[in-house]
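Quick note, the sequences are listed as chains A and B, same order. Here the first sequence stands for residues 1 to 114, numbered as in this note's numbering. Here the second sequence stands for residues 1 to 113, numbered as in this note's numbering.
These are computed hints drawn from the structure, not numbers from a lab. Take the hints with a grain of salt, since some may be wrong.
[To be verified] Using C-beta positions, here's what the derived DEER-type ranges look like:
hint : chain 1 : residue 1 : chain 2 : residue 2 : range
1    : B       : Q42       : A       : T80       : 22 to 32 Å
2    : B       : A54       : A       : S15       : 47 to 57 Å
3    : A       : T82       : B       : S80       : 46 to 56 Å
[What the hints assert, rightly or not] Heads up, incomplete: computed chain B residues facing chain A, CB under 8 Å, no partners named:
hint : residue
4    : L44
5    : S73
6    : N99
7    : Q100
8    : G104
All C-beta atoms, glycine included, are put in the ideal place defined by N, C-alpha and C.
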Amino acid sequence: GAVVSQHPSWVICKSGTSVKIECRSLDFQATTMFWYRQFPKQSLMLMATSNEGSKATYEQGVEKDKFLINHASLTLSTLTVTSAHPEDSSFYICSARGELWEQFFGPGTRLTVL
Amino acid sequence: AQSVTQLGSHVSVSEGALVLLRCNYSSSVPPYLFWYVQYPNQGLQLLLKYTTGATLVKGINGFEAEFKKSETSFHLTKPSAHMSDAAEYFCAVSAQAGNQFYFGTGTSLTVIP
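Chain B with its partners taken away, still in its complex shape (with noise of 0.2 Å):
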């Protein structure tokens, strides 16, 4: 079974500050993971994902997520907030043998000018 604990559902930042979102994954078999950032009445975007291979992603709009086996944790990091990045933040978690996303309950990120 697959589960994902995102750690503080808001996280408030200055501009130009260091960005770092939390996420613990449970699985029993290799996961594959993702981050999704959500816009007010909109549908997901996927920032970036980890399969397989280097352990350090880099994703879209300057994020970057690290895939830690043995902390089992794929915490999401920008060095420098943007306005724009204010948003909600969800990670998720895919087993290799199935294919449904289990989502973390999400981390509202507010951008403080």
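Next up, chain A with everything else stripped away, as it sits in the complex (with noise of 0.2 Å):
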């Protein structure tokens, strides 16, 4: 079946720095993928939509500027939060869509913000 990974599953940060967090689709190719945010008790949150060679697509309310996507190959997807502050804190998950409508999502990345 259709593996997505993302690094790291964990990251702790200082508040004001910047972190990446990867999503890659291990044996498919993937021309969209999308990142979702989670708070604790709370569901996913549709916050971008990333197309391969193109900028992302963000919801409404969604910083763009702060939380930056790439998209640079078929096979990866990075989600680059800036100047990280304790309310960026949260679960990230990333999902990449196969064919049809199927979207396989990875583990998902916990952020702490100190």
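The two chains are supplied separately, each in an independent frame; assemble them into the complex guided by the hints.
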């Protein structure tokens, strides 16, 4: 089956630093990847849609200058949280679209900003 | 536009009892519907999906769901709960014309021994 990995799985950083999270489709090519954010005990909220070779499309209310998304290849999308603050602490999950409408989800990255 | 409503943020059942998790959707186009399970600190695992065809969909771990267009529902059921079913369950909808997923707020399932 299709596998999506995320790296790192867990990161702690100081306030004001930037953190990069990678999302890789391991055995298929994904022209479209999605980034979601999940607060504790809450649902997943779509942050942005990432298309290979083009600018990401951000959902309303998501700061594109704070959450930088790069989809440079058909198997890799990155999310960079710039100048992270404690309120950015969350569980970030990516997904990659395979054939038809199925999305394959990564295992998630837990970000803690001190 | 698409949206999902999951009734009941917490559901408790006894081991061996019927599991019923409710999901109602709103969609301006024929929907694609999904149920995912999430264990603590893990990503999402697909339980089952409805795209087209048979309205009763069978998934993994003995779960099934029925798409009822007239009721705009896609409730998840399992005849007999197991302790390992304790987790968070999310219903999601996607439009045919687009591919973003919209998730419900989730239902936390507790299985009582």
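Report the numbers of all earlier hints that the structure fails to satisfy, in ascending order.
Per hint list: single violation, 5.
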